[in-house]
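Chains as they are written, first to last, in our numbering: chain A, 1 to 494; chain B, 495 to 992.
Bear in mind the hints are in silico, worked out from the structure with no lab data behind them.
You may find that some hints are simply not true.
Below, simulated DSS-like cross-link-like pairs (lysine-lysine); rule was C-alpha separation at most 30 Å, straight line [to be verified]:
1) B:636 to A:241
2) B:585 to A:361
3) A:388 to B:585
4) A:361 to B:780
5) B:780 to A:388
Predicted model only: the values in this text are computed from it and were never measured.
The primary structure of each chain is shown beneath.
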Amino acid sequence: MTSPADLTLAQLRDALTKKEVSSREATDAYLSRIEKADALNAFVEVTADKARAMADTADARLAKGEGGPLEGVPLGVKDLFCTEGVQTTAGSRILEGFVPTYESTVTSQLWRDGAVMLGKLNMDEFAMGSSNETSYFGPVINPWRRNDGSNAALTPGGSSGGSSTATAARLCAAATGTDTGGSIRQPASVTGTVGVKPTYGRCSRWGIVAFASSLDQAGPIAQDVRDAAIMLRSMAGHDPKDSTSIDRPVPDYEAAVGGSVKGLKVGVPKEYRLDGMPDEIEALWSTGVQWMKEAGAEVVDISLPLTKYALPVYYIVAPAEASSNLARYDGVKYGHRAKEFTDITSLYENTRAEGFGDEVKRRVLIGTYVLSAGYYDAYYLRAQKVRKKIFDEFVEAFKSVDLILTPSTPSAAFGLGEKMADPVQMYLNDVFTVTGNLAGLPGGSVPAGLDAAGLPLGLQLLARPFDEETLFKGLAALEAAAGQQCQPENWWAA
Amino acid sequence: MTETRNLLQGTTGDWEVVVGLEVHAQVASNAKLFSGAPATYGAGPNENVSLVDAAFPGMLPVINKYCVEQAIRTGLGLNAKINLWSRFDRKNYFYPDLPQGYQISQYKDPIVGEGEIEVALDDGEIVTIGIERLHLEQDAGKSIHDLAPKESYVDLNRSGVALMEIVSKPDIRSAEEAAAYFSKIRTIVRYLGACDGNMEEGSMRADVNVSVCPAGSYAKFRETGDFRHLGTRTETKNVNSIRYVKQVVDYEARRQIEIIEGQGEIHQETRLFDVATGKTRTMRSKEDAHDYRYFPDPDLLPLEIDPAWVEEIRATLPELPDDKRKRFAAEFGLSVYDASVLSQDRAKADYFEAVANGRDGKLASNWVTTELFGALNKAGLDIDASPIEAPALGKLIDLISEGVISGRIAKDVFAIMFEGGGDPEAIVEEKGLKQVSDAGAIEKAVDEIIAANPKQVEQVKEKPKTFGWFVGQVMKSTGGKANPALVNKILKEKLGID
């Protein structure tokens, strides 16, 4: 038989239940792959001992015919989720060596359901970035390479770059991610994986290092739509410890996968057709429209005229909240503290100067600026008003459509360092995804084909709040139409 | 309202003082405002600290419903508007005792809006002071700088404790009014049980805003609402006693008048009160003021309150001090001053009412306010710890009313009761203190005194003022038990004076 690490999450789960493979075997298979994948830099920390212990516990339960929906399934965890007894850094020097005494709600639900933790996945520092290049622990490398023979290192997207690479390179069955402006969907898109950001409030934010509280949502990055659905069911749920989490039952998302999209109305917003968008993206989008039609959905043109304001609004709201959320990293209580200081002010200044990278500093400065006296009304307040209008515009649109289809990203994976010099170019990666965060909508990216350079491209669907089931139905329809996807060639194994 | 009251004399003319108070009252809650950690006083350093209070990564605030209820109760007690939609904001600044780097407070949309309370002054005058707002906020921790020469320590026990900030309108017009207002707020929150009012433990403190303006300017401000008619104000932080509030206003008003009259200028600044000197000094000037970058806390939903809940809370409110004061005055015929002293504290009021019911209210008031409060004060006891319970004091008053003992003897009985407790009737019986109203016995005593003091008998005919000496002698010879009215009557007859 093939390696258990070649199975999808659903296949592995079934194999575990049927005792065709043990969790320990699967876990060891992944651990040995991880060991050989240093070149990808996907993990900040591998928790091999913990993983084996969890696997043994899972096997014991499986042997008794017990076990949760993820019993024995080895997963990777984005290093933004606090994990009890395991270093949690948010990709930042300022949290280097920080070991929480508590477990985030989302990960605790995964362990409750029997999953095994392989380790903590690399990410952009404090989830700020679209290429995983802002991580204090170095960039993650995309397992995909262009077919031009150049072997140029490509970025895996971000901020959940460790999650996308680890999933694409089969270093874990699936991974958790978080998405504030596209940080699940964009990396999924450029690594040929499936990424789903659920409705704001669907997953608890408790124990997830905060970036922008009103936008942050946890979600899965997985090998296919079914796997993402299985993951989300365990991750989601009401949590009284998060006042913004919503008390609604969690449906069996997996049951929605494969359901017919016949009769569903799919909107195509003309404003997502950007100037200078590569023809390949345009073509992919048209193909997606064709697939939905063939699957029996009705595709209609819609207009979302406020789309052009989404990115500017996002780059006011997210930094504003981040500037406040990151104030707690001051060298006083935990994490990095500067060695040199003369008073409390220099302790703050030196700690934060040393502890934060450039992109984090940039956003803290932007956020501080837009909240300052005299600028608040012009920036933050106005941005919030536009945000409300963007939400209203979606509500209006969803009166006539069930799903909205767009490309996931404006381009395929780009090279390391290509966009680091120009923050605005970097920010444009999120142009199709930020709207979903601003409006709190569920959205997902599914692999839809390869570009001329042989790199994966994704299509995005957005759905009504808390209608993840329709979202999964739509994503599965696109996935089915796209057919069997290629795998990246394994060049990294040492 | 008199608009030019309490004028202060300067060298160039008369001045008016204008005061606004921001009272911070800790909600009497077992748990903090946004974390489940205990909010009890007196724990060891950093014992009452949760992960939320210490701002660990990924921690989130969850509102404590009990604290919200206390804020609503207090709002109702201040006759204020309850805002059914309010919101929490972040007030951002860096300080080691503020672990989050921001304080969660309510900036633009507080839970309670405008209200007003009545404040009784010593002369019995009642002034109405407007309430601007009440909002809920977290307290910060405590920085301790004097434990080590080169280090500071931080105690986060108070971090996250729920405070109500009650902001007055600039309606307070003297040091006395400021003290009376602060005291009244304390009375109200204690009545409601929303705050224990314990200033030594830091449960209540006030930021005192003071400005002065030339006589007549305040009236213009009231007319136009234009703050430019008022002087520049200073804010003295964390004043934690009623007496200190008075001192701060007195000192600041005088200081500001002196500066202005010396052609100087008042700067808007934050000041500190030095308890030792009774003076205030600069803490930080406006130039150093923080830009707090307030914005709505995205971790919390707006606070939406069901009007039915407000009504439920209203139905559980106790009779409030103003209502009680008015009722005491009407029901028991008390002066405004006595009625307000007796209604200041719920336990004292309850005690008084138990004594006064079915008795002479004024007599009861005298015994409670003068004798009992005096003795308690001297002994450093609270009303709850009074050695004399209300029914016993009532019985003592009954003994006076029934003529069993005189008021003077009653004081002795009271002293015995206060020392060792006991039933007044039994004490009177045991010590043989019953009033002698037997005319024959008194007559006998009078005769003896007259016979023994012929000189004085001569003298009293010339100087009727010396009559009191005879009364004293008779009382002395009867051990104070003789009925004073009867002694007077018989003495006058025998001495032949009217």
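A quick look at each hint next to the structure:
1. Annotation: proposed proximity of residue 636 (chain B) to residue 241 (chain A) holds, straight-line Cα distance about 26 Å (limit 30 Å).
2. For a cut-off of 30 Å, the pair hint linking residue 585 (chain B) to residue 361 (chain A) stands: about 20 Å separates their Cα positions.
3. Note on residue 388 (chain A) and residue 585 (chain B): the hinted pairing holds, with a Cα-Cα distance of about 23 Å set against a maximum of 30 Å.
4. Only pairs whose Cα atoms come within 30 Å are accepted, and residue 361 (chain A) paired with residue 780 (chain B) is accepted, the gap being roughly 28 Å.
5. Annotation: proposed proximity of residue 780 (chain B) to residue 388 (chain A) is violated, straight-line Cα distance about 36 Å (limit 30 Å).
Comparing the model with each earlier hint shows a violation of hint 5 alone; every other hint is respected.
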